Amino acid sequence: QKEVEQDPGPLSVPEGAIVSLNCTYSNSAFQYFMWYRQYSRKGPELLMYTYSSGNKEDGRFTAQVDKSSKYISLFIRDSQPSDSATYLCAMSPYSSASKIIFGSGTRLSIRP
Amino acid sequence: DTGVSQDPRHKITKRGQNVTFRCDPISEHNRLYWYRQTLGQGPEFLTYFQNEAQLEKSRLLSDRFSAERPKGSFSTLEIQRTEQGDSAMYLCASSFGGQGETQYFGPGTRLLVL
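Each protein sequence line maps, in turn, to chains A and B.
Per the numbering used here, the first sequence starts with residue 1, numbered consecutively.
Per the numbering used here, the second sequence starts with residue 113, numbered consecutively.
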């Protein structure tokens, strides 16, 4: 069983919809949670990170962490065609000097 | 451009050949990471440097793989006697150590072994 599980999709929604992306994990040592966005043939780009359970908001993006359930989510409001990409959840046991464990990524398509 | 750069961006080679990739991190970053990403998967950690010291290596990094960061700046990843299973995107990331450090990724080198 993988340490981080993520539904690969693809997920297709109309422009303006709210998107919910999710990951589960098994390692309770994970303390640092991230979401990366990866466009086709590009490297991953960090969208958001958080240390603690709860919500963190940045513009149209909200990251949610529930450590008791080992479950993290990324919500995208007012989705735009430019949000079409693969979204990778990622986590680490430390906030510094550590390899990141990635999910397999969810491919998201926003239909105009 | 002050981001992480990688060279070459694409490499096609025949099975059994050696290949070398280069990564130039963001200039003030002291940590450098190599990851490998195959189609439909997330990146998998290969190895990590702090300055010139290689501090961690994944079991994925077989004896055919070697990475160096001789002066604590750029890094090279060499694959000897390439196999078709080595075909993947090789990603480099760098960070500046400290609480809440962010790993910034380069565009990757896409390797195809025929």
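One or more hints might be untrue.
Residues from chain A that keep clear of chain B, each with C-beta distances beyond 12 Å, as calculated [stated by the list, open to error]:
#1 Val4
#2 Glu15
#3 Lys42
#4 Lys67
#5 Ser68
#6 Asp83
#7 Thr86
#8 Ile101
#9 Gly103
Calculated pairs, BS3-like style, for lysine-lysine (alpha carbon to alpha carbon, straight line, at most 27 Å) [unchecked claim]:
#10 A:Lys56 x A:Lys70
#11 A:Lys56 x A:Lys99
#12 B:Lys183 x A:Lys67
#13 A:Lys70 x B:Lys126
#14 B:Lys183 x B:Lys169
#15 A:Lys42 x A:Lys67
#16 A:Lys56 x A:Lys2
#17 B:Lys169 x B:Lys126
#18 B:Lys169 x B:Lys123
#19 A:Lys2 x A:Lys67
#20 A:Lys99 x A:Lys42
#21 B:Lys126 x A:Lys99
#22 A:Lys99 x A:Lys2
#23 A:Lys67 x A:Lys56
#24 A:Lys70 x B:Lys123
#25 A:Lys67 x B:Lys123
#26 A:Lys70 x A:Lys2
#27 A:Lys42 x A:Lys56
#28 A:Lys70 x B:Lys183
#29 A:Lys99 x A:Lys70
#30 A:Lys2 x B:Lys169
If you're looking for bench data, these hints aren't it; they were derived computationally from the structure.
From a predicted model like this one, the values you see are computed outputs, not experimental measurements.
Quick reminder that beta carbons are idealized off the backbone N, C-alpha and C, glycines included.
Comparing the hints with the structure gives:
| no. | hint | in the structure |
| --- | --- | --- |
| 1 | Val4 | 8 Å, violated |
| 2 | Glu15 | 25 Å, holds |
| 3 | Lys42 | 6 Å, violated |
| 4 | Lys67 | 17 Å, holds |
| 5 | Ser68 | 23 Å, holds |
| 6 | Asp83 | 19 Å, holds |
| 7 | Thr86 | 9 Å, violated |
| 8 | Ile101 | 8 Å, violated |
| 9 | Gly103 | 5 Å, violated |
| 10 | A:Lys56 x A:Lys70 | 17 Å, holds |
| 11 | A:Lys56 x A:Lys99 | 23 Å, holds |
| 12 | B:Lys183 x A:Lys67 | 40 Å, violated |
| 13 | A:Lys70 x B:Lys126 | 43 Å, violated |
| 14 | B:Lys183 x B:Lys169 | 19 Å, holds |
| 15 | A:Lys42 x A:Lys67 | 31 Å, violated |
| 16 | A:Lys56 x A:Lys2 | 26 Å, holds |
| 17 | B:Lys169 x B:Lys126 | 26 Å, holds |
| 18 | B:Lys169 x B:Lys123 | 24 Å, holds |
| 19 | A:Lys2 x A:Lys67 | 17 Å, holds |
| 20 | A:Lys99 x A:Lys42 | 20 Å, holds |
| 21 | B:Lys126 x A:Lys99 | 31 Å, violated |
| 22 | A:Lys99 x A:Lys2 | 15 Å, holds |
| 23 | A:Lys67 x A:Lys56 | 14 Å, holds |
| 24 | A:Lys70 x B:Lys123 | 39 Å, violated |
| 25 | A:Lys67 x B:Lys123 | 41 Å, violated |
| 26 | A:Lys70 x A:Lys2 | 13 Å, holds |
| 27 | A:Lys42 x A:Lys56 | 26 Å, holds |
| 28 | A:Lys70 x B:Lys183 | 40 Å, violated |
| 29 | A:Lys99 x A:Lys70 | 19 Å, holds |
| 30 | A:Lys2 x B:Lys169 | 19 Å, holds |
When each numbered hint is compared with the structure, violations occur for hints 1, 3, 7, 8, 9, 12, 13, 15, 21, 24, 25, 28.
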